[in-house]
Structures are given as structure tokens and as C-alpha cells.
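Each chain, letter by letter, is given below.
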Amino acid sequence: MRIPCCYCGARGHEEFTYLGDATLARPSTEIGAPADDATAAAWHDYVYVRDNPSGRHRELWQHTGGCRAWLVVTRDTRTHEIHGVEAARDVALAREATHE
Amino acid sequence: MRYSLTTLLGQALMGNRGWRQAWRRPDPKPDYDVVIVGGGGHGLATAYYLAKEHGLSRVAVLEKGWIGNGNVGRNTTIIRSNYLLPGNTPFYEWSLKLWEGLEQDINYNAMVSQRGVLNLYHSDGQRDAYARRGNAMRMFGVDSDLLDREQVRAMVPYLDFDNARFPIQGGLIQRRGGTVRHDAVAWGYARAADQRGVDIIENCEVTGIDVIDGRAVGVMTTRGPIKAKKIGLAAAGNSSRVAAMAGLRLPIESHVLQAFVSEGVKPLIDNVVTFGAGHFYISQSDKGGLVFGGDIDGYNSYAWRGNLPMVEDVAECGMALMPMLGRLRMLRSWGGLMDMSMDGSPIIDRTPVDGLYLNAGWCYGGFKATPASGWCFAHTIARNEPHAFNAAMRLDRFASGRLIDEKGAGAQPNLH
Numbered sequence: 001m002r003i004p005c006c007y008c009g010a011r012g013h014e015e016f017t018y019l020g021d022a023t024l025a026r027p028s029t030e031i032g033a034p035a036d037d038a039t040a041a042a043w044h045d046y047v048y049v050r051d052n053p054s055g056r057h058r059e060l061w062q063h064t065g066g067c068r069a070w071l072v073v074t075r076d077t078r079t080h081e082i083h084g085v086e087a088a089r090d091v092a093l094a095r096e097a098t099h100e
Numbered sequence: 101m102r103y104s105l106t107t108l109l110g111q112a113l114m115g116n117r118g119w120r121q122a123w124r125r126p127d128p129k130p131d132y133d134v135v136i137v138g139g140g141g142h143g144l145a146t147a148y149y150l151a152k153e154h155g156l157s158r159v160a161v162l163e164k165g166w167i168g169n170g171n172v173g174r175n176t177t178i179i180r181s182n183y184l185l186p187g188n189t190p191f192y193e194w195s196l197k198l199w200e201g202l203e204q205d206i207n208y209n210a211m212v213s214q215r216g217v218l219n220l221y222h223s224d225g226q227r228d229a230y231a232r233r234g235n236a237m238r239m240f241g242v243d244s245d246l247l248d249r250e251q252v253r254a255m256v257p258y259l260d261f262d263n264a265r266f267p268i269q270g271g272l273i274q275r276r277g278g279t280v281r282h283d284a285v286a287w288g289y290a291r292a293a294d295q296r297g298v299d300i301i302e303n304c305e306v307t308g309i310d311v312i313d314g315r316a317v318g319v320m321t322t323r324g325p326i327k328a329k330k331i332g333l334a335a336a337g338n339s340s341r342v343a344a345m346a347g348l349r350l351p352i353e354s355h356v357l358q359a360f361v362s363e364g365v366k367p368l369i370d371n372v373v374t375f376g377a378g379h380f381y382i383s384q385s386d387k388g389g390l391v392f393g394g395d396i397d398g399y400n401s402y403a404w405r406g407n408l409p410m411v412e413d414v415a416e417c418g419m420a421l422m423p424m425l426g427r428l429r430m431l432r433s434w435g436g437l438m439d440m441s442m443d444g445s446p447i448i449d450r451t452p453v454d455g456l457y458l459n460a461g462w463c464y465g466g467f468k469a470t471p472a473s474g475w476c477f478a479h480t481i482a483r484n485e486p487h488a489f490n491a492a493m494r495l496d497r498f499a500s501g502r503l504i505d506e507k508g509a510g511a512q513p514n515l516h
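So the sequences go chain by chain: D and W. Here our numbering is used: the first residue of the first sequence is 1, the next is one more, and so on. Here our numbering is used: the first residue of the second sequence is 101, the next is one more, and so on.
So here's chain D without its partners, still in its complex pose (with noise of 0.2 Å):
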């Protein structure tokens, strides 16, 4: 399996390291959000629980065997065919614009 790193181009995955789905959101950790029932609920499912898909999945990976930079890699989870990568501080930037 290799991996089409952005700014390395095409490497073996064994430069890599993974972390796991990039579609989980962070609960808010400001000052003053409620120690409730339902935070507590967010940070349970965000920390242990996964959809876990046979197919598609949006993944991290660091590269860092190379340039160190954080990848989210859309993979097949069922054939490892790679369907795409994108640097995660763009899709971080992204998703940050369309809460605001």
C-alpha cells in the first residue's frame, strides 16, 4: 500500500503512522461549556466509539518517515485502494469556516 503523501509524493505506507477516522469532531473544551450528562456522552463516543465502515473511510496518517505533516487519506477499507489525500490542516481550515 503507498501512500500519496501531498508534499512527498506516492511513499510506502511503512513511513507512516496511523492514527485512525479523521471525521471525529473534538468536543468543545472552552471555559464555562457544561459538565453534563450529554458532554460527558460527546466525549465518550469521541474518545472509544467508531462507525468503523467496510468501504470508504476518511483516515489520519502522519507522515512521519518524511516531511511530518498530517494527511487525511480516503481509503477503501475493504480493497486499501486510495481515494484520496488531503493535507488535515486544510480540512481542519475547512471545517472550522463552515462552523463559524
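Hints are computed from structural coordinates only; laboratory data are not their basis. Accuracy of the hints is not assured; some may be wrong.
[As the list claims (entries may be wrong)] Reference excerpt, derived from the structure (chain D facing chain W, CB under 7 Å, subset only): (1) V47; (2) Y48; (3) V49; (4) R50; (5) H57; (6) T77; (7) R78; (8) H80.
[What the hints assert, rightly or not] Cross-link-like lysine to any residue pairs, in silico, SDA-like; alpha carbons within 25 Å at most: (9) W:K366 <-> W:F261; (10) W:K164 <-> D:R78; (11) W:K507 <-> D:T17; (12) W:K164 <-> D:S54; (13) W:K507 <-> D:Q62; (14) W:K507 <-> D:V47; (15) W:K129 <-> W:H154; (16) W:K507 <-> D:L60; (17) W:K507 <-> D:G20; (18) W:K164 <-> D:T79; (19) W:K164 <-> D:D51; (20) W:K387 <-> W:W166.
Quick reminder that beta carbons are idealized off the backbone N, C-alpha and C, glycines included.
Since the structure of chain D is already known, use the hints to place chain W on it.
Below, chain W without anything else, positioned relative to chain D:
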């Protein structure tokens, strides 16, 4: 047909023409008391113990492929109970006890071989950790012995004791651990469950779970709808997919684990040896092939196959432990789907859906657990409450904070 020396001799004299099919091939009935989704080792064992221990015979096991196709036929066949944590040790020890009596119980030769499992240590810190583990095991009545370097050398002289980077200092041995013929476990449980009236339905994939008012009432399958008073999920790597049919999201990721067999050689390794400085374990099958494996590939996968970097990693670990392996050819390798849970320990529990029970999260250690998993899951389904052995293996432990994290690796499934 009961298998015995008399049957064997009788069949030998008659040219082996009288052997009968080991289990029936029934069509699914419209309704059952219990439907088990997944005809792997755990599902078959569950059905067997439901019939044997709880008197339930209106039980069906639904298998999308055929018996023995899944992880029960794709593992490195090791059994052991050398666990550290109180939530795990009694459960795995019960499993080992069930293994010890299994062949008489199900009247099937599963080739249970208690040849000993030896975990090597390579540093002072690791020796201390193994001493602690051995003591924890003994506190639960499990056998364990801490061996020094010379005791290990007397047992397995061919290891690379003076490896420059990972010299072998000794090992922790569980002599009651060993190996079992994995296919025979699937076939033996299938036959024994069938004889107690359980319907084993192969080529029958579950495509939906009917939930009415928060209660599971039946399943949709490729062979039509089946009603059930209770439904048990034992789908291993596909657990998340099956649970999603009932609207559940699980604390599980599916990963691929590869295993390997070398060409057959004369008797060489007479126990199970694990490398302490990397993830590598090896034993020798009765056919002569060396059976070995290592870590999971480390990324979500439903592909039933892995990639080459892990093959290289396993081969390197093997060479660091046992340099003579370099002269052997690797004959076969294969991949299985692991239901990696968030703390590395399994789940045998009720679910938020009434009448729906979950058996999942076995990571890559499910084979050794097969008898106790079935035994405890059967108890949980029949009594609607967990047995003391699986009381800690709850689905809600991730919310309550009562994790069973043997490795202390945190909620990162590819590190367990």
C-alpha cells in the same frame, strides 16, 4: 454416530465407507428461541453451551460463509491463560479448563496439546514485569514459572541467546498452555451442537435486524426472515457492521492480522515461544510446518489480506529470535479480520436493545477464549445477565471508566 476406537476400527475394516456427515444441513425454520449471528468458533460454542448447559435446543447459528472459513480457521492455534488483570484472568483460566476437558465433552479429537507457552524476556525491567504477571496468575490459581537464562537454554537451545541487541535473559512459562487444532474446534463444536438439536445454517448472511419498540424480534437473511426471542451477535471482524443493523455503534475498529506457515520440517519446536523484544510467536504444527505471526498491520481493514511491511517485520523478529529460520521457506500467509476493542479486552454483554446480546472485541486473542466465550455468552443470553467470569467484560465500561487495559495503551486499537 459416536466416535470411538471401536467405530474407527469398524470403519477401517469396512473401507471407511460408513462415515456420515458430521452435522445436518437444515433449512432455516421461521422462528427460534435464540439465533446466533456468526458461525465461527465463538458462535458455535455459544450454541453448544446454550443446548448443553441451559436446555435450549431451538437455537440456530447463521453463518454467511461456511463453518471454519473465518478466524477460527485463520489463527495460530495458541491457548493460554497468562493474563494480568482481575477482569481477565479467571475468564481465560476457565477457558483453559474447558479446553482440558473439551475432547471428552464434545467427543471430537481437537488435538489439544498442552506443550507449554514460553514468553521470553530480554531486560531487567521486562523480567520484573513478567515476575509480576506470573505472581498475578498464581494469585488466581493459574500455573506459571519464571525461568532464568540457563533454564530457558535447556529447553530451547537453538534461540539466539547472545543477540547483540536483545539478549535472552529468561522467560515466563505457562506449562498448561499450548496449541489446539483450530479447524477441529469448529467442526467439533458444530457437530456437538448439531447433535443437541441446534440448526447450523451455512451460506445464510444476516442483512438486517428487526427492532420493534427497543426490542430485537428477528433477523432478515439472504434465506428469508427468521424470528427470534433472543439474538446473539458473534461476528468478530464484522461486529460493527452487524451491530449497525440494530442502530448500535461499537467501541471497535476492524484491523487485519496476518499469520504464516513455513514448509514442513522434522520436529523442531516442541512448545510455543514468544519473542519479548518484538511481537512474534511461533510453534510447530503436527504436520511439521512452523506456524508464526506478529502484530496487526495497524490500520482499519476489511480486506482479509495485509501488506508487505508487516511480513518483513515478522520475518525480522523471527530472525532475531531464531536465526535458523532464515533457511526455511515461507509456504503460506493469510489475513483475518480482528475486532480490535478500545482497551484490548473483549465484550460479552447485553446491549441497549432488549433481546440483543453482543460478543465482540476479541482483538487478536479470540481463539484461546473460544470455549469460555461460548460458555459465558450462553449464560448471558439464557439468564439475561453476565456470569461472574465475564462480569467485567461490559459494553458500558468505556462510559463508566472500568476499562480492562492489559497493555495500558489507551483508546488506540492498533496499539493493543
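Violated hints, by number in ascending order, as checked against the structure: none
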